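Residue numbers (our numbering), protein chains in the order written: chain A, 1 to 315; chain B, 1 to 351; chain C, 1 to 150.
In short, the hints are calculated from the structure, not lab data.
There could be a bad hint or two in this list.
Unchecked claim - Stretches of chain C that chain A covers, calculated by requiring three or more beta carbons in the stretch to come under 8 Å of a beta carbon on chain A: (1) 56 to 65; (2) 71 to 82.
As the list claims (entries may be wrong) - In silico DSBU-like pairs for lysine-lysine, Cα to Cα no more than 30 Å straight-line: (3) A:K127 with B:K216; (4) B:K220 with B:K191; (5) A:K200 with B:K41; (6) A:K127 with A:K13; (7) B:K31 with B:K97; (8) A:K117 with B:K162; (9) A:K315 with C:K43; (10) B:K97 with A:K200.
Said to hold, decoys possible - Cβ pair distances, simulated, as ranges: (11) A:V125 with B:P237: 32 to 40 Å; (12) B:D43 with A:K181: 13 to 21 Å; (13) C:E128 with A:D308: 28 to 36 Å.
Just so it is clear, the structure is predicted and the values come from calculations on it, not from any experiment.
We put the CB at the ideal spot given by N, CA and C, even for glycine.
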Amino acid sequence: MDLQTKLRQEARKLLEEKLVDVVIGYEDEGAPLRTTPCFITDPQDVDRLVWNPFCDHNLARYLTARKDKAAVVAKGCDTRAIVVLINENQIERKNVNILGMPCGGIVDRKKIYNHLKNGDVREAVLKDKVITVKGLEFTADLMVDDFLADCCLSCRHRNPVLCDVQIGENLPPLDVKDEYKKIKQLEESTSEERWEYFRKTLSKCIRCYACREACPLCYCQQCFTDQNFPAWVGKTTDISDTIVFHIMRAFHTTGRCVDCGACERSCPNNVDIRMLTKKIAKDVKELFGDEAGLQLEEKAPLSFYNEDDPQDFIK
Amino acid sequence: MRTTPRILSSEKIMKTIKKDKINTVLDFLIKKYQVFGPVQKDDLVVDFGRIQNGAQACLEFSNTNEPAKKLFFPQAETLFSYTGSDAAQVSELKPEKPRIIFGMRPCDAKSLSLLDAVFDGPDYKDPYYIVKRKNTTIFTLACRRPRSNCFCDSLGIGPFSKKDTDVFMADLGDRYVFEPITPGGADILNKIPGLENARPTDAERLKNLRSEAESKVARKVDLDNLPEKLARIFDHPFWDGIHQKCLGCGICTYLCPTCHCFDIVDEQKDDKGRRIRIWDSCSYPTFTLEASGHNPRATGKERMRQRLMHKFRYFVENYGEIACVGCGRCINHCPVGSDLIREIENINNLK
Amino acid sequence: MQEQPENWEPRIIAFLCSWCSYAGADLAGVSRRRYSPNVRIVKVPCSGRVNPFYIVKSLQQGCDGVLVSGCHPGECHYSNGNYYARRRFAILKRLLEYIGLEEGRVHFSWVSASEGDKFAKVVNEVTETVRKLGPATRLVKHSPVDGVVN
Ligand code: SF4
Ligand code: SF4
Ligand code: FES
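Go ahead and model the full structure; you've got the sequences and the hints to work with.
Okay, here's the thing in structure tokens:
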């Protein structure tokens, strides 16, 4: 039985037996290369659920606002975000039913648009691992694996780290060669080059805050960007304000970011947001040996300390 | 509201130039005007920017990521500034060198007439907007390749619309043709060196290209009864479901050519200060948050409803037109795949 | 490095823990230790009180350098504020330098109430490092700036 059918079966069972009030999953509304989040409450509707490499949202994002019992379709990284949310007391373990999906990676459709030289995809059909895309003037067969999101290429936790039901067998771990390649390249360049790089990518930001809203861990009731007394960060599109916004948003993900890539994928202007969050994840691992969202009852690295933490940067 | 004089069709002399000479047109205009046009920001993003030489323009594009509104209603605009105890300086009101926006799409051109209703309407005149608007000549570039989510047709615009522009341009393959629409546009056109008179067959050619382009606008939406329908369903349970997946980011409103809500912010440092107008969005909870802590649009439900009601009902009640031009940006860029057309269809189908 | 305007003097903000480094600064003064007058001191109850935003905002507002100083490990008046701070600053310093802030604009130190000499030394070192870098430009918000695209 394929995973999608299994998923629907599980969802139906949960709803029929009234174990949950809602199943949060993905559905296909016909837009090529995309799925969209759906909230299913009626067992009759479970056939709307789909599972494919276009299921790219991190649905854990919807859990914090809920008071009911929800089942949620969750990939490896999404389950890590759920673990962080439970550890940070944002959701109760008993209120969430995790439908864990071993995940072979999701497609970054911006990579496809890029490959097609910004061609307008009007139709996309997925069969096995091949996506046939059609535009008005072209047809092309594309391999899913050639267009996986960057975060998936360096993913070490493709299987759910926590779930109530796992849909399908565990996948073998990915052979990740150099998880931090891009970060290291940038670290090795000069300070001027790095400034230029960030100035350039961040100058595209329009401060829509989609990155913040898409992130399951940006759940603050009032984000620092919305505080106006004091106004921590200016609201203008002055590059200084934009960079301060991004430094601080990224900083707030320290030791919590699970590298699901939801922030970067949501950005309408292709800002390289992961180049900040991933850098911090790298430093957290180097300095404190931590990785976010792998275990329940684990503390975020900035909420505890060791007496012998590195301090060679302190005079 | 602005009423644009149009020139008689008998006075319209279409001009043309070889495609590889288009840079000379731009280079000429740059000498006399501030020229803005589509420029490539990265592999996928084309946006309006100031053009310093013709080669910077990227005229092979579908549409700019950001709408043209930012050239008239910038995301952050200083309204006045002051130093020490000096009287405030209202610097923005000095008209600058005249501007040309080269290569605006017909949908964006139409959006300006909707913004005119707000910022240059009978009740309220916004000097900051008006000074820029009066100072600008628009060269619209017809869309040969409308994209999959374009639905301008349904708003009475269409990829070859000549409305709300000064000069209409179209790409004939090896040449561009220019058609003056307003006297101001005609004036500028007459001064550009190197333009030839269009060929007798060009009008026919344009007609064919136009129907070809129109046939590529695949999506349609029925808006006929929408404003009345919306007036009847304010309390419908429909709104409880529709907002569920919405993240509450501001993409749809920031990228919408007609959305125009803003916030006013004061900034001060030492003895210098300024008042700035900054885009805001009805998708944000802070947009309606009151000082008391009360929020009349407390949840995503009220905010999503407001967005649709404003575009398709209140704006119609206030100004007689729908505040949407069918550019499809909100659909293309919604991170969770919300589809405005589908939402409207759902509303149309409500009992 | 850039050209330095004539008569330019670095402006440095120092967030000092009131239990240790602030007292250290006092001692330096009382014992007539000479130290560079370029630091403006902000007294905080503990290094753990220093919100990373203080540092970033200072840089944005045009400080050429920032120093945060607290009690030595094990000596924090609130027992562990400095341990938390140390973790935060380790990440923040790397992040700021990674996005292209020049190395040498943000500094951290442990200075106790009895270390007047160390305080003077730290401040002089910090000032000289910042002086070499020249006036801050990156991250600085130059207002009023208009948002009009150009
Ligand atoms: S989603 Fe992109 S454009 Fe929007 S605030 Fe984040 S980085 Fe900026
Ligand atoms: S910061 Fe980005 S990558 Fe990290 S958890 Fe949030 S959305 Fe995912
Ligand atoms: S009291 Fe000095 S660092 Fe905590």
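Going through the hints against the structure:
1. 56 to 65: holds (count 3)
2. 71 to 82: With 3 residues close enough to chain A, the hint holds.
3. A:K127 with B:K216: holds (27 Å)
4. B:K220 with B:K191: violated (40 Å)
5. A:K200 with B:K41: holds (9 Å)
6. A:K127 with A:K13: holds (28 Å)
7. B:K31 with B:K97: Measuring from Cα to Cα gives roughly 11 Å; hence the hint holds.
8. A:K117 with B:K162: holds (29 Å)
9. A:K315 with C:K43: OK: K315 (chain A) and K43 (chain C) at ~19 Å, within 30 Å.
10. B:K97 with A:K200: With a Cα-Cα distance of about 28 Å, the restraint between K97 (chain B) and K200 (chain A) holds, given a limit of 30 Å.
11. A:V125 with B:P237: 32 to 40 Å: holds (35 Å)
12. B:D43 with A:K181: 13 to 21 Å: holds (20 Å)
13. C:E128 with A:D308: 28 to 36 Å: 30 Å Cβ-Cβ, so the 28 to 36 Å window holds.
Going through the hint list in order, the structure does not satisfy hint 4, though it satisfies all others.
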